[in-house]
Amino acid sequence: MGADRGADWLTGSQALAAILRGVGPLSAEERPLLDALGSVLAEDVAAPVDLPPWDNSAMDGFAVRARDVRGASAESPRVLRVVDDVAAGYVSARTVGPGEAIRIMTGAPVPAGADSVVRVEHTDGGSGIGTAAGAVAIRADLDAGKNVRPRGEDVRAGDTVLRAGDVLGAAQLGVAAAFGRARLPVIRRPVVAVLASGDELVPVEAFEQVRAGRRIVSTNSYALAAQLVETGVEARVLGIARDTPESLREHLERAAGCDAVITTAGISVGEHDYVLRTMREMGTAVDFWRVRIRPGSAMAFGRVGALGGIPWFGLPGNPVSTMVTFELFVRPALLRMCGRARIHPPTVDAVMADRYAAPGTMMHLPRLRLARQADGSTVARLTGPQGSGIATSMAAADGLALVPAGAQLDPGDVVRVVILGGAPLVEEPPF
0 MGADRGADWL
10 TGSQALAAIL
20 RGVGPLSAEE
30 RPLLDALGSV
40 LAEDVAAPVD
50 LPPWDNSAMD
60 GFAVRARDVR
70 GASAESPRVL
80 RVVDDVAAGY
90 VSARTVGPGE
100 AIRIMTGAPV
110 PAGADSVVRV
120 EHTDGGSGIG
130 TAAGAVAIRA
140 DLDAGKNVRP
150 RGEDVRAGDT
160 VLRAGDVLGA
170 AQLGVAAAFG
180 RARLPVIRRP
190 VVAVLASGDE
200 LVPVEAFEQV
210 RAGRRIVSTN
220 SYALAAQLVE
230 TGVEARVLGI
240 ARDTPESLRE
250 HLERAAGCDA
260 VITTAGISVG
270 EHDYVLRTMR
280 EMGTAVDFWR
290 VRIRPGSAMA
300 FGRVGALGGI
310 PWFGLPGNPV
320 STMVTFELFV
330 RPALLRMCGR
340 ARIHPPTVDA
350 VMADRYAAPG
360 TMMHLPRLRL
370 ARQADGSTVA
380 RLTGPQGSGI
390 ATSMAAADGL
400 ALVPAGAQLD
410 PGDVVRVVIL
420 GGAPLVEEPP
430 F
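Here numbering that gives the first Met the number 0 is used: position 4 in the sequence shown is 3, and no number is missing along the way.
None of these hints come from the bench; they were simulated from the model.
Here the structure is a predicted model, which is why all the values come from computation and not from measurement.
Please note: incorrect hints may appear among the correct ones.
[Unchecked claim] EDC-like mimics (lysine to aspartate or glutamate), calculated; alpha carbons at most 16 Å apart, straight line:
{"#": "1", "residue 1": "Lys145", "residue 2": "Asp114"}
{"#": "2", "residue 1": "Lys145", "residue 2": "Glu252"}
{"#": "3", "residue 1": "Lys145", "residue 2": "Glu120"}
{"#": "4", "residue 1": "Lys145", "residue 2": "Asp49"}
Go ahead and model the full structure; you've got the sequences and the hints to work with.
Structure follows, in structure tokens:
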């Protein structure tokens, strides 16, 4: 693929499909239980024991025989001898015989001979417990034959309790812990390098140069790193490369050992836009360059030969363009590398409150605020001026409208909106 290759000008759906064809789940690794939170399970997990492992009490109360309490009422209570007192975590050595009861706490093993637990509120609370005179008056028979959770009620030994492909949340980790799994096999989460480039850029610590009117802060470095962390992957910020091939290559070589690399800026056709040619010099197979979306058209994707063939996402330099292309193209790819099945942001139909025109041959992606109405509909308003350098338009946005090339939206028109901000992911792409 020569350095003089022209722009491909893929549609958004074509670009997304090309990227997803070029990535797949990473290898598996074992992680300590809590470190596996948010990862994707690589293998099924089977139960080594029944859960619960014994018949246990569902209530604080008294373990009894159902036949001894049937017919009990406030007017005609059944008085039983209390022969033991069992807290959770302890097992009674006594068997419940005729006319006997054992006080028991929730979760404690139900003693032999008992088939019911009468909750405390259906008794007089008992008296003399722990002495030879211990007794309890049963004042209702509503719990006869009830409040015993049988062994294996939840899971039987050998049952599959977690499946490969499950995303490990708090509930899944709790299940794994219940079955003694201190470590879990999971799909490895990628380490992603981020490189900004531009002679005009400085880190936020050098803000005095901004105040002096000489430089601007490399906001993309921080926004992209935050988006990566939100995605659940590790960000490795490579710094800021100068606008020279030598500086770009030096910084990119620091991505060795990473699973993907993102560059921002320097990908257009300006006199000092060296990223694309530098990537090709590093043996990058460029799948495409240029997408028919606005903002975000100056985007590329490929695999970097000099870095072991890892995916490269070449994003535009304008702050809005960078964040938009990450949300629509990069985040889904990284989630696929994590082993996720649901990788795309959801969409919703919304009623426009403002006018918006999308002249030209590109799909427009204006930023919108969304408001839910009493009738269940969603109303969308522009976040203000929509220039690709207006970072605050993203900070105020709940979603991105998908406006076809050449369309004119008027108040009352319905538009499809990609939801931002951590809504539950879906399997279907937005376009």
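Given the hinted pair Lys145 and Asp114, is their alpha-carbon gap at most 16 Å?
This hinted pair holds, its Cα atoms lying about 8 Å apart.
So if I understand the rule, the pair passes when the alpha-carbon distance is 16 Å or less; does Lys145 with Glu252 pass?
The given pair, whose Cα atoms are some 68 Å apart, is violated under the 16 Å limit.
Can you confirm whether the C-alpha distance between Lys145 and Glu120 stays at or below 16 Å?
14 Å, holds
Under the criterion that the straight-line Cα-Cα distance not exceed 16 Å, is the pair Lys145, Asp49 satisfied?
At roughly 21 Å apart (the allowed maximum being 16 Å), Asp49 and Lys145 break the hint.
Checked against the numbered hints given earlier, the structure breaks hints 2 and 4 and satisfies all the rest.
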